[in-house]
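Quick note: the sequence shown uses UniProt numbering, first residue 1, plus one each step.
Because the hints were derived from the structure by calculation, they are not lab data.
Please note that the accuracy of each hint is not assured.
[What the hints assert, rightly or not] Capping the alpha-carbon separation at 27 Å, the derived lysine-lysine pairs in DSSO-like fashion look like this:
| # | residue 1 | residue 2 |
| --- | --- | --- |
| 1 | Lys-172 | Lys-139 |
| 2 | Lys-158 | Lys-172 |
| 3 | Lys-301 | Lys-129 |
| 4 | Lys-139 | Lys-301 |
| 5 | Lys-172 | Lys-82 |
| 6 | Lys-301 | Lys-82 |
| 7 | Lys-82 | Lys-158 |
| 8 | Lys-129 | Lys-143 |
| 9 | Lys-172 | Lys-301 |
| 10 | Lys-82 | Lys-139 |
| 11 | Lys-158 | Lys-173 |
| 12 | Lys-301 | Lys-173 |
[Stated by the list, open to error] Beta-carbon label-pair distances, calculated as ranges:
| # | residue 1 | residue 2 | range |
| --- | --- | --- | --- |
| 13 | Gly-283 | Lys-172 | 19 to 27 Å |
| 14 | Gln-67 | Glu-226 | 33 to 41 Å |
| 15 | Gln-282 | Glu-165 | 43 to 51 Å |
| 16 | Val-177 | Pro-210 | 35 to 43 Å |
Beta carbons: idealized from backbone N, C-alpha and C, even for Gly.
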Amino acid sequence: RNGLCFVFCVREFFDIIFHISNDEIITYAHCTWSTIICCNANDQTFDFNQVAKHLCKRLGAEIQKDQLTLRLTRESMVEFIKTRPAERTDPPTDKADDATKSTSFKNHGHVPRFDGRLDATSLESVIDKCLELSNAELKMNIKSQSFRIRRAEENDAKYILQFVEALAVFRKKSVAVHTTAENFARDGFGDNPLYQCLLLEETGANDGIPSLRGMTLWFIGYSSWEGRSLFLEEMFVDEEFRGRGAGKHFMYTLAEIAMTLDCGRFVWRALDWNTNALDFYQGIGAEIDRESLTVCFDWDKMEAFMKTREEKDDGTQCHCANCSHT
Numbered sequence: 001r002n003g004l005c006f007v008f009c010v011r012e013f014f015d016i017i018f019h020i021s022n023d024e025i026i027t028y029a030h031c032t033w034s035t036i037i038c039c040n041a042n043d044q045t046f047d048f049n050q051v052a053k054h055l056c057k058r059l060g061a062e063i064q065k066d067q068l069t070l071r072l073t074r075e076s077m078v079e080f081i082k083t084r085p086a087e088r089t090d091p092p093t094d095k096a097d098d099a100t101k102s103t104s105f106k107n108h109g110h111v112p113r114f115d116g117r118l119d120a121t122s123l124e125s126v127i128d129k130c131l132e133l134s135n136a137e138l139k140m141n142i143k144s145q146s147f148r149i150r151r152a153e154e155n156d157a158k159y160i161l162q163f164v165e166a167l168a169v170f171r172k173k174s175v176a177v178h179t180t181a182e183n184f185a186r187d188g189f190g191d192n193p194l195y196q197c198l199l200l201e202e203t204g205a206n207d208g209i210p211s212l213r214g215m216t217l218w219f220i221g222y223s224s225w226e227g228r229s230l231f232l233e234e235m236f237v238d239e240e241f242r243g244r245g246a247g248k249h250f251m252y253t254l255a256e257i258a259m260t261l262d263c264g265r266f267v268w269r270a271l272d273w274n275t276n277a278l279d280f281y282q283g284i285g286a287e288i289d290r291e292s293l294t295v296c297f298d299w300d301k302m303e304a305f306m307k308t309r310e311e312k313d314d315g316t317q318c319h320c321a322n323c324s325h326t
C-alpha cells in the first residue's frame, strides 16, 4: 500500500526498512552495528543477496549455498495424495464440496482431520492411523509387499544414528555428524519429543527377522503465515532398495500426517547437486523456494557470536553510493 514503511528490528542487531509506493518497493535500507546500506530498489546494480550476505558476515552465520528449500502447499498436498495407489472409498461429492476439501482438508476422505490441541499422545494416534493406511498400500504394490513403515522406538536410536551417518557420507559431509545415539534416545521419546522418526522395515529378511532399510526424521513446527507445518529433516533409503516405491510412500505418509493435522505446508531441504532427488520432489508437485536462503549457526559460530554481546559500536559507516548518510 502507498506510503507504508515496514521496520523489522531484531534486538539491537539490525533494522530493515522498506518504503512502498504504488505497490513497489522504492527504498530499502538496512543497518547493523557499524554499517548502513541504503538504496533505491530501481537501481539495477543493487543486489539484495549482498545485504543478506553482509548480515550473515556480521553475525558470523553461514549461508548454505548448496541447500534448496522445497515445499508442498495445501493444494499441492491434496493433488499429491490423489496419486496414491490405494483404491479410494470416498463418498461421492459435488464439485463445490470438493473445492472446500482442497483448501481446508476437512474430512479429506483418508484419516479423519485432527484440529484439537496437539500433544505427544494425540500426535502418536494420528501417526498410527496414517501408518495403517500407508502399510495397507505398500502390500498392494508387488515391489514393496515385504516392506512396512513403523514409528521408531527408543531402542532404535542406534539405527537412527547409522542412517544419519550413511546420509552424511552420501552428502560428502561425514565429519559433520556430532549427534550420538544417546542424543536421539533422549530427544525423540518421552513426554515431549523434539522429533519424530519413521523406519522402513523389510519384514521377510534374514530368516523372518525384520531388517531396517530406511528412515525419515521430521517434526511439527509453526509458520506465522501458515500455522502448523511439517518439516522433514532427513529421509534415507538404502541404495539397493531404492526404486521400489519406499521413498514415495514415506512422502505419502508424511503428507497424510500433515493434512490430518491441517498443516499449511510440508517443507524440506535438498542439495542442489542431487538432481535425482530434485526430479523426484518436483515430480510429486513440490515447489522450490528460490527466494529463501538457508542460514545457520554451528556451535563455534554461536559461541563467537555470543562473545560480541557486550561489545559496543563506535559509530556507523555508510555504504550507500547515492546518498549523504553518515
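- What are the numbers of the hints that this structure violates, sorted from low to high? 1, 3, 4, 5, 6, 7, 14, 15, 16
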